[in-house]
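Asker: Residues per chain, in single letters:
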Amino acid sequence: MTAGQGTRPVRILIAKAGLDGHDRGAKVIARALRDAGMEVIYTGLHQTVENIVRAAIQEDVDCIGLSILSGAHMTLFPELLSQLKKEKAEDIVVFGGGIIPKDDIEALKGQGVKQVFIPGTHTQEVIDWIKANVPVHE
Amino acid sequence: MTKKPNSSAQFAKSGSHTEWRAKGYASQRERKEKFSSISFREQPEIVTPENGGAVDHDRDLGFPGEYPYTRGVQPTMYRGRLWTMRQFAGFGSPEDTNRRFKYLLEHGQTGLSTAFDMPSLMGYDPDNARSRGEVGREGVSVATIEDMDTLFSGIALDQVTTSMTINCTATVAFAFYFAVAKRRGLGFEKLGGTIQNDMFKEFIAQKEWICPPAPSVKLVCDVVEFCSQSAPKFNPVSISGYHIREAGATAVQELAFTIADGLGYVDHCLSRRMKIDDFAPRLSFFFDVHNDFFEEVAKFRAARRLWARLMRERYGAKTDAACKLRTHAQTAGVSLTAQQPVNNVARVALQALAAVLGGVQSLHTNSMDETLSLPTEDAVRVALRTQQIIADESGITNVIDPLGGSYYVERLTNEIEAEALRYIEQIDAMGGMLHAVETGFPQKEIAEAAYRFQLDLDAGAQTIVGVNRYTEGGEQEIPTLKIEHEVERQQIERVAAFKAKRNKALHADALAKVESACREARNVVPVLIDAVDVGVTLGEVSDIYRKVFGVYTDPGML
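If you read the protein sequences in the order shown, they are chains S and Z.
Each residue of the first sequence is one higher than the one before, starting from 151 at the first, in the working numbering.
Each residue of the second sequence is one higher than the one before, starting from 1488 at the first, in the working numbering.
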């Protein structure tokens, strides 16, 4: 395992969960990561956490980027983490993006979300963070 | 004592724009290589009658209240009546939002606007598993007629106008509201307000849906038909560019897709043998108002002229009412920054100014804290006061369309109208908006523009103060609103109690009637008004829609 420097590109699942329909950020980030040479799969909107974890395992991704702008982040991130645990896939790195208040970001990091990006983040910052923090499964 | 002009003076004087540009301007240095709008429009250094500033007054402007309404839809505009100050509000339980409504009315707001929570917007009752974590969070939870009654408790429905931002379940929210009015003994003709009920833009941008596009459009037009027959003061649809713009569209794309959505509804209504002059006066619009000041002012002027021309020339409308584009506007949520959030007050003020100079009929100003959470009362008050300052202090409302005749604004108005019309013709060639949406055309165009903007931003070609420039002192703490998780549990209990006390036979009969109205392609609205009165819930109607019309899923295109 090497961080972002493996023999194959990083594989990422960009996911939208719950009823939230805001997909501008998810799509922009997905394209930026793809343009940066990563393999990106996008779930489309309104997925359940179970579907997201199933897709992540099937596609053998290294990380999941979950986008939430509906205020349901304190419900959906913990559900995602516990579902990954249940499926013994905790090695998949979880990061997030969206309108998420600072206090909640700290709480989510405490629970195992590796990073949360808020609107206004430079796409290069996300790319660099993934390269530095997401190990590629061999 | 004045001096005589001296014949040997060295003042430059060009005979034409071209000459001035070549002689006087070309030798100067500009501070940037390119000057472009937020919508990637390259801007000229100046506009004169020689490069698009000339205007045909009678053909392209006319007078306020007269075709093609470029200068405004009413003859007196803000000298007669100010725009409606309408702050969008909704969170938590119906009681929570009812309190916020009353607070806003006490502070001089002149119309109400309801934000529903995601489960209500997507057709799930609070007790559905899919609602978990979202009840009352992003708006108010309304699943039953009792919730709607509580939401408007102590508010006379014939004395305020109410806007409801709800779409795939708009038929149900509309039925709740009208059934509550009926219980209170009010005639439908007394109810004024607007229901957003615009499904095209859901598929294009906001992405809240239940069924596929064709039955969705049918349901939209059921409300249009009902209002044009029975509720003459209620706007049954608010054809919305707001979400299209927020999703990343340019100003021209916002205008073009919104107008094309409107044409899509017009075509559907005409196919149901409705008459253009009967229903077109009930169509209303909703646009975003973004950062690029003059582009936004011009967009509103172009929107009115474009719609009027299409109604008259394409559909043969014969009345002013059918040709007038009446619009609500909201400042651009997407332009607000979580970084240095107090700066948002300045952004909102400039955007609101553009909306007023653009001649809108009602306006929502965003609160500075909305990139962090739903707004606090204090933040909402500043946003409302911003409108009141524009209305009562700035003097802008004294004269109608004060920017009319500006070389630059008139050129922009012409350009935006022409560019939007080219898009509309492209959509016509695809067979109209229904087909364009099904193939994902507007969705792809918007995603391209959103990505392009992000690349520009990353490269520093577009500036966001506090985000990619002037970032010093970025840490700024402001109070935010916290929604208690308790609301979800309360609403689940409440809907369970509501369901338990219904008359089972009446309820079952009502469900059957809704289903047969759907299957027989009849107008569902009158049936729903009766059904919700005997306790049919929002989730139950949505389940019938799912069963009869099918479920739409996101194609997930990148």
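It is possible that part of the hints are untrue.
[Said to hold, decoys possible] List time: in silico DSS-like cross-link candidates among lysine-lysine, alpha-carbon distance up to 27 Å:
| no. | chain 1 | residue 1 | chain 2 | residue 2 |
| --- | --- | --- | --- | --- |
| 1 | Z | Lys-1510 | Z | Lys-1500 |
| 2 | Z | Lys-1931 | S | Lys-264 |
| 3 | Z | Lys-1677 | Z | Lys-1705 |
| 4 | S | Lys-259 | Z | Lys-1705 |
| 5 | Z | Lys-1969 | S | Lys-252 |
Think of the hints as simulated: they come from the structure by calculation, not from any bench.
Quick caveat: nothing in here was measured; it's all calculated off a predicted structure.
Asker: Run every hint past the structure and note whether it holds.
Answerer: Okay, the hints, checked on the actual structure:
{"no.": "1", "hint": "Z:Lys-1510 / Z:Lys-1500", "verdict": "10 Å, holds"}
{"no.": "2", "hint": "Z:Lys-1931 / S:Lys-264", "verdict": "31 Å, violated"}
{"no.": "3", "hint": "Z:Lys-1677 / Z:Lys-1705", "verdict": "26 Å, holds"}
{"no.": "4", "hint": "S:Lys-259 / Z:Lys-1705", "verdict": "46 Å, violated"}
{"no.": "5", "hint": "Z:Lys-1969 / S:Lys-252", "verdict": "12 Å, holds"}
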